[in-house]
Amino acid sequence: MNVQFAHKLSTAARFLGLAQARCFHCLRPFSPDAENFSASTTSPPAGFFDPAASLCPSCRDLLAPYRGPRCPLCGLPSPMPNGLPAPVPVGGYDSSREAYQGSLCGRCLTDPPPWTRAAFYGLYRQSLRHTLLRLKFDGHLYLAPLLGAFLLEAAHCLPGPDALLAVPQYPDHLRHRGYNQAHELAKALHAQTGLALVPGLLSRTRPGPAQVGLSARSRPENVRHSFAASPGVKGLRLWLVDDVMTTGSTLRAAGLALLKAGASSVDVLVVARTPKEDMDFTGNSAP
1 MNVQFAHKLS
11 TAARFLGLAQ
21 ARCFHCLRPF
31 SPDAENFSAS
41 TTSPPAGFFD
51 PAASLCPSCR
61 DLLAPYRGPR
71 CPLCGLPSPM
81 PNGLPAPVPV
91 GGYDSSREAY
101 QGSLCGRCLT
111 DPPPWTRAAF
121 YGLYRQSLRH
131 TLLRLKFDGH
141 LYLAPLLGAF
151 LLEAAHCLPG
161 PDALLAVPQY
171 PDHLRHRGYN
181 QAHELAKALH
191 AQTGLALVPG
201 LLSRTRPGPA
211 QVGLSARSRP
221 ENVRHSFAAS
231 PGVKGLRLWL
241 VDDVMTTGST
251 LRAAGLALLK
261 AGASSVDVLV
271 VARTPKEDMD
281 FTGNSAP
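Here the sequence shown is numbered in the UniProt record's numbering, starting from 1 and rising by one per residue.
Some hints here could point you the wrong way.
[As the list claims (entries may be wrong)] Restraint-style ranges between C-beta atoms, simulated for each label pair: (1) 156 / 196: 28 to 34 angstroms; (2) 206 / 141: 46 to 52 angstroms; (3) 175 / 140: 31 to 37 angstroms; (4) 234 / 205: 14 to 20 angstroms; (5) 103 / 205: 22 to 28 angstroms; (6) 26 / 171: 34 to 40 angstroms; (7) 207 / 260: 19 to 25 angstroms; (8) 196 / 172: 37 to 43 angstroms; (9) 68 / 112: 32 to 38 angstroms; (10) 134 / 230: 28 to 34 angstroms; (11) 22 / 137: 32 to 38 angstroms; (12) 29 / 160: 35 to 41 angstroms.
FYI, nobody ran anything at the bench for these hints, they're computed from the structure.
All C-beta atoms in this analysis are idealised placements derived from N, C-alpha and C, irrespective of residue type, glycine included.
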């Protein structure tokens, strides 16, 4: 069957509510809402992924983005102020050092991070946390396009980069696991945007123990001097991609290495941010 005709037929069936799809997250069949599908007669572009059309209504609700107040610089969620503020755009504020409705967190006031802006999609809790763990530890790489689409939604508050790259793993760790979940996310974002992906420009130079289980005080020292950046980053505006930001120590060390090597700017983009009250540092974040 002609690909264009098949796409038209599929689109029409879904638009009329006559077709079933399988949820990309829970894998259960569901009838897509007509409003989530375009009557376009052209095939979707390469790398196209529409989370609204690929998730059942329940999973769309469970994986909804965070739109509450946060530190404008590191994204740490902050308490809701008196009254109900206007929703924060998905990802964060569009200017890194203007507080808007919130204010800088205590750490960013005394020890600002090296990056210019940080954006995230949702809180590291419940369904989003479980989805990220499935990607990271269970090898469910098919989830990368979905999470990459979440990154793209969060990135709307960031200025466009020259290139993107992922927080790298130490080579021995990479060989043991077989893949780097942050790089899988960056690849998905590359496929959906066409942005240049430059994985060779940042490397991890020493292993160190995993951050999980370390205290907030121990984490910065654990990753200090753990990254080296290539001279090829000189003058580039970069998006640094990772799956989760907890204290931000790993991203700070990586961002500092990039800037020391001459990068023009670094913006951080992660799928999830851990709220301060969930940071028990044992790997047992809030379910």
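Does the Cβ distance between residue 68 and residue 112 fall inside 32 to 38 angstroms? violated (22 angstroms)
Does the hinted range 34 to 40 angstroms hold for residue 26 and residue 171 at CB? holds (35 angstroms)
Take a look at whether the Cβ-Cβ distance between residue 234 and residue 205 falls inside 14 to 20 angstroms. Check passed, 19 angstroms falls within 14 to 20 angstroms.
Falls inside 35 to 41 angstroms, the C-beta gap from residue 29 to residue 160? Holds, at about 38 angstroms.
Satisfaction of the hinted span 32 to 38 angstroms by the C-beta atoms belonging to residue 22 and residue 137: Once the Cβ atoms are compared, 23 angstroms apart, the range 32 to 38 angstroms for residue 137 and residue 22 is violated.
Is 37 to 43 angstroms a correct range for the gap between the Cβ atoms of residue 196 and residue 172? For residue 196 and residue 172 the Cβ distance comes to about 28 angstroms; the hint is violated.
Does the beta carbon distance between residue 103 and residue 205 stay inside 22 to 28 angstroms, or does it fall outside? The hint (22 to 28 angstroms, Cβ to Cβ) is violated, given that residue 103 and residue 205 are roughly 36 angstroms apart.
Using the C-beta atoms of residue 156 and residue 196, is the stated range 28 to 34 angstroms upheld? violated (19 angstroms)
Holds or violated: the 46 to 52 angstroms window for the beta-carbon distance between residue 206 and residue 141? 27 angstroms Cβ-Cβ, so the 46 to 52 angstroms window is violated.
So the hint says 28 to 34 angstroms: do the beta-carbon atoms of residue 134 and residue 230 match that? holds (32 angstroms)
31 to 37 angstroms was suggested as the range; check whether the CB atoms of residue 175 and residue 140 agree with it. violated (20 angstroms)
Does the Cβ distance between residue 207 and residue 260 fall inside 19 to 25 angstroms? holds (21 angstroms)
Hints 1, 2, 3, 5, 8, 9, 11, counting from the list given before, are not met by this structure.
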